Every structure is written in structure tokens, then in C-alpha cells.
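J.: Below are the chains, spelled out letter by letter.
Number of protein chains: 2
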Amino acid sequence: MYRVIVANKAVLTPWEVSGKIDYDNLVEKFGTKPLNHGDLDRMRDHSGRFHFMLRRGVFYSHRDLDKILDHHDRGGKFSLYTGRGPSGPVHLGHLIPWIFTKHLQDTYGSKLLFQFTDDEKMLLKEDLDETITSHWVHENALDLMALGFDPDNTEFIVNMRHASKLFPIALKVAKKITGSTMRAVFGFNDQSNLGMMFFPSMQAAPCFLESERAGEPVPCLIPAGIDQDPYWRLTRDIARKLGYPKPAQIHGRMLPGLTGTAKMSSSQPETAIYMTDVPELVEKKIEYANVPEDRANCPLFQFHYFLLTESDEEVEWIRDACTSNRRSCLECKIELAEDVNRFLKAHRRRKKLIGKSVETMLE
Amino acid sequence: MYRVIVANKAVLTPWEVSGKIDYDNLVEKFGTKPLNHGDLDRMRDHSGRFHFMLRRGVFYSHRDLDKILDHHDRGGKFSLYTGRGPSGPVHLGHLIPWIFTKHLQDTYGSKLLFQFTDDEKMLLKEDLDETITSHWVHENALDLMALGFDPDNTEFIVNMRHASKLFPIALKVAKKITGSTMRAVFGFNDQSNLGMMFFPSMQAAPCFLESERAGEPVPCLIPAGIDQDPYWRLTRDIARKLGYPKPAQIHGRMLPGLTGTAKMSSSQPETAIYMTDVPELVEKKIEYANVPEDRANCPLFQFHYFLLTESDEEVEWIRDACTSNRRSCLECKIELAEDVNRFLKAHRRRKKLIGKSVETMLE
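Here the protein sequences line up with chains R and C, keeping their order.
Counting in our numbering, the first sequence runs from 20 upward without gaps.
Counting in our numbering, the second sequence runs from 20 upward without gaps.
Don't take every hint at face value.
[What the hints assert, rightly or not] Below, a sample of chain C positions facing chain R; criterion: calculated Cβ distance under 7 Å: (1) 179; (2) 199; (3) 209.
[To be verified] No farther apart than 16 Å at their CA atoms in a straight line, the calculated lysine to aspartate or glutamate pairs in the EDC-like style are these: (4) 364(C) <-> 296(C); (5) 260(C) <-> 145(R); (6) 364(R) <-> 296(R); (7) 195(C) <-> 209(R); (8) 195(R) <-> 209(C); (9) 282(R) <-> 41(R); (10) 364(R) <-> 299(R); (11) 86(C) <-> 58(C); (12) 364(C) <-> 302(C); (13) 52(C) <-> 85(C); (14) 121(C) <-> 169(C); (15) 195(R) <-> 145(C); (16) 371(C) <-> 158(C); (17) 260(R) <-> 145(C); (18) 265(R) <-> 85(R); (19) 96(R) <-> 85(R); (20) 195(C) <-> 145(R); (21) 52(R) <-> 85(R).
No wet-lab data here; the hints were simulated from the structure.
Given the structure is predicted, the values throughout are model-derived calculations rather than measurements.
C-beta atoms are modelled at their ideal positions from N, C-alpha and C, and glycine is treated no differently.
Whenever a hint applies, use it, and build me the whole structure from the sequences.
T.: Set out below in C-alpha cells:
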């Protein structure tokens with residue numbers, strides 16, 4: 020059953036719906052901390068509102084967020100860091116952490132470092148060259164900026180073209196990682212190529228970039244899916260060895276896929292609605308979406324819950340109309356398609372307005 | 020015995036003198052080719068003179084030099100590539116390949132890519148930071164340019180600050196190297212750090228840089244000590260896999276150390292005369308240099324032979340004065356110290372003339 024909060028302070032956990040991921044278990048397994056009322060109160064006080072993704076537990080776990088908030092309360096700055104592999108269009112699932120990151124930038128005035136890991140994409144896929152990744156870098160950067168990030172407080176780092184920014188730090192990181200650590204943490208073996216083995220050092224580097232630039236500790240907060248936590252644990256360990264602040268994380272849950280998978284994913288295109296999908300395609304995708312017998316596990320409801328419907332009353336109405344059989348699946352799907360298309364249309368309009376101005380940000 | 024050529028075509032091999040390195044054996048062991056009369060004739064024809072380092076067999080072995088010369092004869096361009104780890108002052112031994120590289124640039128109009136491997140130095144030594152390596156980058160770049168390289172045809176690549184130039188190519192290289200290859204070629208093990216393991220890919224990248232920039236194959240020739248050959252064999256293998264021309268090499272012998280070691284080396288400062296040594300220090304170093312009982316192995320003669328005395332008649336006179344006991348060791352040492360100080364003084368004057376203009380080359 021979905022429990023939606025109307026009261027400010029309650030944090031609900033309707034995560035049984037995703038079916039395949041036990042989010043509470045991940046907190047325990049990874050040893051992260053659930054966001055508690057104290058954390059949520061502080062963030063609400065800082066921003067002046069209780070962001071729906073916090074209210075609904077979309078972001079629900081953390082490492083050292085309390086230290087970041089303490090630092091802020093002492094008047095300190097911290098950076099935000101997230102990123103993406105530029106190998107294709109952005110889908111709705113990608114937007115969840117980005118929208119929340121935008122909220123954090125608005126609240127804390129933090130600089131966002133956004134990394135495009137075109138290097139990793141090149142290493143993973145034989146057919147991806149820089150012409151292709153450059154196209155997606157530009158397109159994806161527009162998608163990010165269309166969410167309203169402050170262009171004066173957002174820095175894109177495209178690994179291949181901006182390697183000089185990261186390489187000196189990445190080397191310091193790599194100096195602290197042995198082959199056997201890589202084996203243990205990432206499952207590499209003797210036949211793994213050195214590019215893939217070096218890549219995590221490039222991904223760690225932005226955590227420390229603002230500290231290097233400032234010549235004093237500038238903590239870094241990473242809003243990301245909790246599935247990425249094991250990676251950042253290694254970075255935290257290296258931070259300690261290099262004398263940088265350990266990167267903090269705030270962990271989110273993943274938007275389920277259209278087919279009921281635990282996570283909307285580009286590697287399974289049938290699970291995803293892309294920002295570039297035309298209205299007819301969105302309608303078709305949603306029309307044919309898997310709706311489970313057990314309505315409590317319906318992925319379509321999650322689209323409202325995670326992303327589209329900020330009003331708790333409205334979300335509650337949608338849930339209730341479904342579980343009480345007041346509305347058919349078809350009706351629900353038609354309305355969701357309309358909502359998604361409205362969302363995509365507004366997004367594309369904002370992308371158009373940004374237009375060429377993103378190019379100077381990517382130089 | 021030293022055999023010095025006065026005739027143009029003979030190539031002499033007085034290399035028994037270095038004692039500790041069997042240079043002929045290295046050719047066989049590494050599977051390189053000795054420079055033959057045909058190669059030497061072609062290079063002499065191209066330059067209009069028979070460079071003393073070729074005449075004397077200071078450079079004496081190669082891989083694919085004939086292909087480079089064929090390419091030149093067809094009107095093609097090739098690049099030259101060498102470099103240095105900027106951790107201290109340059110000594111006389113460093114100048115041998117540089118002076119020869121300058122001759123190649125003059126002859127073939129080739130662009131020189133000169134790499135400063137500040138990254139490797141940082142990885143190897145705990146106490147070297149970028150402030151220190153930057154100092155030596157500047158100082159060593161002056162030493163290089165003081166030899167007369169064409170500033171419009173010479174490009175410095177300081178790995179840490181110019182990583183963006185190399186990183187995309189280095190990643191392609193790293194993609195073709197496995198952990199087990201690194202173990203086999205460089206002796207790395209499970210406890211080796213990833214920075215050191217990635218470094219050879221950064222060192223390989225300049226071999227392919229001009230090809231990448233031109234969008235067509237631009238061969239690369241590496242003038243270097245033959246001791247570095249095993250490294251370049253791996254790069255040649257990767258070139259094949261990536262579709263770049265295999266980097267060619269022309270291999271030199273090493274200037275012996277003052278103490279009679281096979282190689283003047285900064286890791287044994289007592290073996291070296293640095294470009295920064297004051298005249299009195301040079302005199303002292305030479306005065307106290309090891310002169311072997313067996314005069315045929317005198318390292319001091321090699322200073323004339325490798326570097327200071329281009330005239331074959333003069334070199335022959337020096338040798339003869341020694342072996343016939345016409346001149347004492349002390350007299351010989353005093354004259355060598357004068358020659359070295361004259362050489363260093365002229366070098367420092369040229370460095371001064373270049374002055375700040377090297378800074379723009381390093382930006």
C-alpha cells in the first residue's frame with residue numbers, strides 16, 4: 020500500500036512497490052544511514068520548503084549529510100557532484116536525482132560539478148567515438164540546464180576534453196589504489212584493460228576538485244542512486260588517505276521501468292521514456308506498459324509519485340482511484356501519457372530557450 | 020682500443036670501453052637492427068653532412084628507421100618524440116639524444132614533441148609536488164631550447180597541465196593493455212598502484228598525437244637510449260592494434276658516468292656533471308673522477324667522443340696522447356674541465372638569451 024504524507028514531518032516508505040529492490044536492506048547492507056527527522060527538519064528549514072522527494076522518501080539515506088549541513092550552518096560552502104555517461108538520450112529516470120540536485124543548488128548556493136564520462140563510454144563500447152559522445156554531451160547538457168540550474172554556478176567536466184582539470188587529482192587517487200583493490204571492489208581481473216581500471220580515479224577526482232582549487236577543504240555532496248554507494252565508499256577511503264574531506268552522499272531510489280523492472284534503464288530501452296520521445300510514442304509506450312495484477316506494484320503510479328505530481332493530495336487521489344477501482348487502467352494510462360507529454364513539452368521548450376548558451380559552458 | 024673514423028663511411032664500434040653494457044648484445048637481445056651503411060648514407064645525403072654521432076656510432080641501432088626515411092623520400096612528414104622526467108637539473112648525458120634530435124629536426128623539418136613526465140615523477144616520489152616539478156619543467160625546457168630547436172616546430176607536453184592533449188589517446192592505448200601485460204612487460208604486481216600502471220599509456224600517446232591531429236598516418240621517430248627499447252616494443256604492438264603507424268626508434272648509447280659507471284645518471288649524482296654546475300665544481304668533479312688502470316676504459320675520453328669534440332682528428336689526438344703516455348691524466352683532466360666549462364658557459368649564455376620566451380611554449 021502507498022502511504023502518502025500530507026503532514027510535514029512524516030516520512031513514508033512505500034518502497035515495497037518496486038518489488039525487486041529492498042531499499043531498507045540496502046541501507047543495512049551498505050552501512051549507510053537512513054535520513055532521520057532531524058536531517059529532514061534541517062533541510063526543510065534551510066530551503067523553506069519540504070521538497071516532495073524528501074517528503075516521500077525518494078531520497079532516503081545518506082553518508083555524512085549531517086556533516087555537510089553542519090558545515091553549511093557554520094557558513095561553509097560545499098560542492099555538489101553528479102554526472103552521466105553521454106551515450107544516448109536522457110530518460111525520465113535520470114531526472115530524479117537531477118531535479119533533487121537542482122533543489123540542493125537553489126537551497127545551498129552550491130556549485131554543481133557535472134561530469135560527462137565520455138571516456139568510460141569509449142572504453143565500454145567499440146562503436147562509440149568522440150563525434151557520437153560529443154553529440155550526446157551537448158544534448159544531455161541541455162536536458163540538465165533545462166531543469167533550471169544556475170549557469171554561473173554549474174561546471175561541466177567532459178572527461179576527454181577537460182582531462183587536464185582532473186588528471187592531476189586522478190593520478191593522486193590512482194596512486195592510492197592497487198590492482199588487488201580494483202579486483203575486490205569492481206571485480207576486475209587480469210584480462211581487464213587498464214583504461215577501465217583507471218577510470219574510477221577520473222570519476223573520483225571531481226570530489227576533490229574544489230578543495231584543490233580553493234587550497235582548503237571544500238566538502239562535496241553527491242546526490243545519487245543508492246546502487247552507486249559501493250563505488251563512493253572507495254573514494255571516501257582514498258579521501259582520508261589524501262587528506263581531502265570524504266565525499267558525502269544522499270541516496271535516492273530508482274524510478275521503476277515501464278515493464279515493471281526495478282529501474283528505468285537505457286540498457287533496456289523498452290523500460291524507458293526518453294526526453295526525445297514524440298507524443299505518439301509516449302502514448303504507445305504507456306499503453307503497452309506492464310500493469311501488474313497486484314496494483315500495489317504498478318510502475319505507472321511511481322511516475323506520478325517520483326516525478327510528475329508534486330501535490331500529495333493529487334497523488335493520493337490517483338492511488339485511491341486505482342485501488343478502489345474508480346478508474347480503469349486505460350483511463351489511468353491515458354491521463355499519465357498526457358501528464359508525461361505535458362512534462363516533456365515544457366522541458367523541450369526550456370531546452371530551446373537555452374539553445375546555444377550551453378555551448379560556451381561545454382568549451 | 021678506440022677506433023676513430025676519418026673516412027666517411029666506416030662506422031666504428033669502440034663500445035667495449037663502457038665496460039658494463041654490451042651494446043652489440045643488446046641489438047641481438049632486443050631484436051633491433053644495427054644502422055647499416057645504406058641507412059647512414061641516406062641520412063648523410065638528407066642532411067648534407069655526416070653527423071659525428073652517426074659517424075662514431077653513438078647512435079647505432081634502430082627499428083623501422085628505413086620506413087621513416089622512405090616516407091621522407093616520398094615527401095611525407097614525420098614527428099620526433101622524446102622527453103624527460105622533470106625532477107632535477109639536466110646533466111651532460113641527457114644532452115646526447117637531444118643534440119642528435121636537434122640534428123634530425125634540422126634535417127627533416129620534423130615537429131618535435133617533447134614530453135615532461137611530471138606525472139610519473141609525482142607517482143614515484145612522495146616529496147615531489149607540482150611546484151617543484153614546474154620549476155624543473157621550466158629549467159629543463161630552457162636547456163632543451165638552448166640547443167637550438169625551432170620554437171615554431173617544437174611542442175612541449177607537460178603531462179599534468181596538458182593532460183587533455185594526451186588523455187583521449189592514452190585511454191585508447193590503455194584499452195588495449197591488460198593487467199597481465201603490465202605485469203609481464205614492466206614487472207608490476209598486485210600491489211602496484213594504478214597510477215604507475217596507467218602511466219605507460221600517457222607515455223605512448225604522443226607517438227600517435229600527430230596522426231590524430233592530421234586525421235592521417237603521421238609516422239613518429241623516437242631517438243632514445245637503447246635501454247628504453249622494451250618499452251617501445253609494447254607501444255609498437257598497440258599501434259598495430261589501433262591502426263596507427265608503429266613508432267620508429269633510433270637507438271643511442273649512453274654517456275658513461277664520471278665514476279666509470281655505464282651511464283651518467285641523476286640517481287647517482289656522483290656520476291654526473293649538471294648544466295648548473297659552477298666551474299669550480301666541474302673542475303673538482305673531473306679532478307676526482309675515476310680513471311681506470313686500463314686506459315682504454317677511461318670515461319673521460321668518452322666525454323670528448325660523445326659530446327665535446329666534433330673533430331675526429333682532435334679526438335684521435337686526445338686518445339693518442341693518452342695511450343702513448345704523451346700526456347698525464349692530470350693534464351688531460353685539466354683540459355677536459357676547461358672544455359666542459361666552455362661548453363657549459365656557452366649553453367648558459369644561450370639559455371639566458373631564450374629567457375622568458377620559453378614560458379609561452381609551456382602554457
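J.: If a hint holds in the structure, say so; if it doesn't, say that too.
T.: Consistency of the hints with the structure:
The interface hint given for residue 179(C) is met, as the beta carbon of that residue sits about 5 Å from the closest beta carbon of chain R, less than 7 Å. For residue 199(C), the shortest C-beta to C-beta distance to chain R is roughly 4 Å, which falls under 7 Å, so the interface hint holds. The closest approach between the C-beta of residue 209(C) and any C-beta of chain R is roughly 4 Å, which is under the 7 Å cut-off, so the hint is satisfied. Taking the CA atoms of residue 364(C) and residue 296(C), the gap is about 10 Å. The hint holds against a cut of 16 Å.
Restraint check for residue 260(C) and residue 145(R): the C-alpha separation of about 13 Å stays at or below 16 Å, so the hint holds. As the CA atoms of residue 364(R) and residue 296(R) are separated by approximately 10 Å, the hinted pair is consistent with the 16 Å bound. Annotation: proposed proximity of residue 195(C) to residue 209(R) holds, straight-line Cα distance about 13 Å (limit 16 Å). A distance of roughly 13 Å separates the Cα atoms of residue 195(R) and residue 209(C); the hinted pair therefore holds under the 16 Å criterion.
For the suggested pair residue 282(R) and residue 41(R), the alpha carbons sit about 13 Å apart, so the restraint of at most 16 Å is met. Pair hint residue 364(R) plus residue 299(R) holds up; C-alpha atoms about 13 Å apart against a cutoff of 16 Å. Simply put, residue 86(C) and residue 58(C) have alpha-carbon atoms about 10 Å apart, close enough for the 16 Å limit, and the pair holds. Pair hint residue 364(C) plus residue 302(C) holds up; C-alpha atoms about 14 Å apart against a cutoff of 16 Å.
Among the hinted pairs, residue 52(C) with residue 85(C) is consistent with the structure: their alpha-carbon atoms are about 10 Å apart, no more than 16 Å. At most 16 Å may separate the alpha-carbon atoms for a hinted pair to count; residue 121(C) and residue 169(C) meet this at roughly 9 Å. Of the pairs offered as hints, the one joining residue 195(R) and residue 145(C) holds, with about 12 Å between alpha carbons and a cut-off of 16 Å not exceeded. Between residue 371(C) and residue 158(C), the direct Cα distance comes to roughly 11 Å. Compliance with the 16 Å bound is thereby established for this hinted pair.
Taking the CA atoms of residue 260(R) and residue 145(C), the gap is near 13 Å; set against the 16 Å cutoff, the hint holds. A hinted pair counts as satisfied when its Cα atoms are at most 16 Å apart, and residue 265(R) with residue 85(R) qualifies at roughly 13 Å. Distance hint between residue 96(R) and residue 85(R) is fulfilled; the C-alpha atoms sit about 14 Å from each other, no more than 16 Å. The hinted pair formed by residue 195(C) and residue 145(R) meets the criterion: a straight-line CA distance of about 12 Å does not exceed 16 Å.
At most 16 Å may separate the alpha-carbon atoms for a hinted pair to count; residue 52(R) and residue 85(R) meet this at roughly 10 Å.
When held up to the earlier numbered hints, the structure conflicts with none and fits them all.
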